[in-house]
Amino acid sequence: MKLHEFQSKGILAHYGISVPNGVVVTEPQEAWVVAKQLGAPVILKAQVHAGGRGEAGGVKIAKSAEEAESIAKKMIGMKLVTKQTGAGGKIVKKLLVEKTANIEKEFYISISIDRKSGRPMFLASSEGGMSIEEVSETNPDAIFMRTIDPTIGIMPSQAREIAYRLGLSKQVKQTSKLIIGIYKAFIDNDASMVELNPFILTKEGDILALDAKINIDDSAMFRHKDIAKLRDVTEETETEIKSSFYGLSFVQLEGNIGCMVNGAGLAMATMDLIKISGGEPANFLDIGGGAGKEKVGHAFSLILQDENIKAILINIFGGITRCDEVANGIISAAKELELTLPMAVRLKGANFEEGSKILKESGLKFEVYSSLNDAAAAAVKMANA
Amino acid sequence: MSILVNKNTKVVIQGMTGKEGTIHATGCIDYGTNVVAGVTPGKGGTTHLGVPVFNTVMEAVEKTGANCSLIFVPPPFAADAIVEAADANLKLIVCITEGIPVRDMVMAKRFIEGKGITLIGPNCPGILSAGECKIGIMPGNIFKKGKAGVISRSGTLVYEIVDQLTHEGVGETTCAGLGGDPVIGTKYNFWLEQFQNDPDTEAIVMVGEIGGDDEVVAADYIKKHVTKPVVAFIAGRTAPEGKRMGHAGAIITGKKGTAMYKMNALREAGATVVENPALIGKAVRNLLSN
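The listed protein sequences derive, respectively, from chains E and B. Sequential numbering from 191 applies to the first sequence in this note's numbering. Sequential numbering from 3 applies to the second sequence in this note's numbering.
Okay, chain E solo, but in the shape it has when bound:
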């Protein structure tokens, strides 16, 4: 689950990390009030779940409370298109209004799980403000990595080491406090990532978290009822909300052959095969284990959102999921949705004979195959017909 910047800063502040004074507003007049209270100049930051806000016009400085109000008027309700939102953009509903800071230097720090060691790992860089991916391409030596043994947690010496590496030798104490705070926030809240880009050294010599992003591990949400309340459903698309509810995994692509597959690896392989057979997959869709009528019905409706769909390829390898179950799910969903698109269905594994029989006798427009190659070729032919 993604948290907003203001929510992330709220959590970090709780761990003793200095963040700029600020208030979240949803109305332009509130921006005026907050600017008056904090004292201009202030910075107004669009609260959307996407990076690249600055370049897209989602971050603006106001020199007076009046200017803050007029900027807020323009920003609230605007569609913000950043490099991470896609062409659809995101509607800005909330602004974080903060006291501006006097920046001496910007730094980058994040913590996430290193897959190689299976331990928490800090990434830090003296090149803050830029995306870490960009720095890793242009100046990889500027990035410092440090894994932490989870049994003992972060030790002061390790935090100091990072501070010195970043060249913050005069602010070692403050920087260590920040780093230890980040680690604790990461562990306590089951975060999958905490990222400060940038945190800054101010002209006054203080260390301040200027921007913050926290993502929480979805698998651990059951033990964070407080964080669950921070979920902003309006940031998620209907597709994302419903897919997560039904336990489906869906990604829209640009082709015209809809895909429905059980298993993520097999779903990707099926997309690859469509391409090899001369077609273009319209989506990635893993229906996971089990496939009742409601789930398959929802899977169909996800695929059919795209008007360019010309054919559907269903590839099910039965194991835990039985093919006859899936076949029944497909038929009842297809009847309910009055599906008229041509469908190539490939069933293999547990109860595939029964499943194939059910589909063939349904009177619907299925072509049933047991070979994956044949099914993909048929779907491509249908899409091009």
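Calculated from the structure, these hints are not laboratory results. Since no wrong hints were added, every one of them can be taken at face value.
Here are the simulated DSBU-like cross-link-like pairs (lysine-lysine), alpha carbons at most 35 angstroms apart as the crow flies:
(1) Lys306(E) - Lys258(B)
(2) Lys264(E) - Lys245(B)
(3) Lys245(B) - Lys192(E)
(4) Lys547(E) - Lys149(B)
(5) Lys483(E) - Lys500(E)
(6) Lys245(B) - Lys432(E)
(7) Lys146(B) - Lys483(E)
Residues on chain E that point at chain B, a partial pick, calculated with CB under 10 angstroms:
(8) Arg305
(9) Asp339
(10) Ile377
(11) Asp380
(12) Asp408
(13) Met411
(14) Gly445
(15) Gly455
(16) Ala457
(17) Met458
(18) Lys465
(19) Glu470
(20) Pro471
(21) Gly508
(22) Lys538
(23) Asn563
No residue lacks a Cβ here, since even glycine has one placed at the ideal position from N, Cα and C.
Assemble the complex: chain E is given as a structure, and chain B must be docked to it using the hints.
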């Protein structure tokens, strides 16, 4: 022969009396696996599927001599189950559970470090030695004792490939799933070494996907240590960058995570990289008949 597990492996199933546990314990027993005990706290002293159930893994090991654990415990308690199995001195732990909090796995993985324990998974289909035993959830009927050792990051895709190998008359020695989570036990290199040393494995089939760089690390290992033929497939050539494709790991970040980079690394290491997922079985058969 087969690697790691065979007919004589004595399996204790943690979470056997639950719904999932019951279904898959039945599947394992039907395949011929020597399931000697189940563990469910509070149900000790009962019998389930004809197998004695104990309150703790320690007791199960003491009374039955179990030497391998299979875990179907629900996600909030699964990491604890791994630790319990490790405490009972079991050296092979297979964890099927999907959706374990990552922090729990970080701790469990750290706990078993240096204890000589092999952890398979979590979020994996387990391990199956053809004609010997099944410790997990793979559909047993698609396997046939044969020549290929199979290792994969994903579940149903590996069933697809095993089915092809059986259909082509190649058959399998042992097949194992690594698991789709960010923090897992065994990775490719462990299995490459096992298969390289197994006299019955004549070819190794490695199934990878986009994201992470485990396949690149494996390519390096193959180059240095593997003399047997390796056939590799990497799923997700058509996946766009930056989008997560189902598995937590399947997101392309950085160039080493792309299918192309991995395929090239494997080719350079001497592996046969197959691009069409429907032709993997044929490729292995051709390689072995030459």
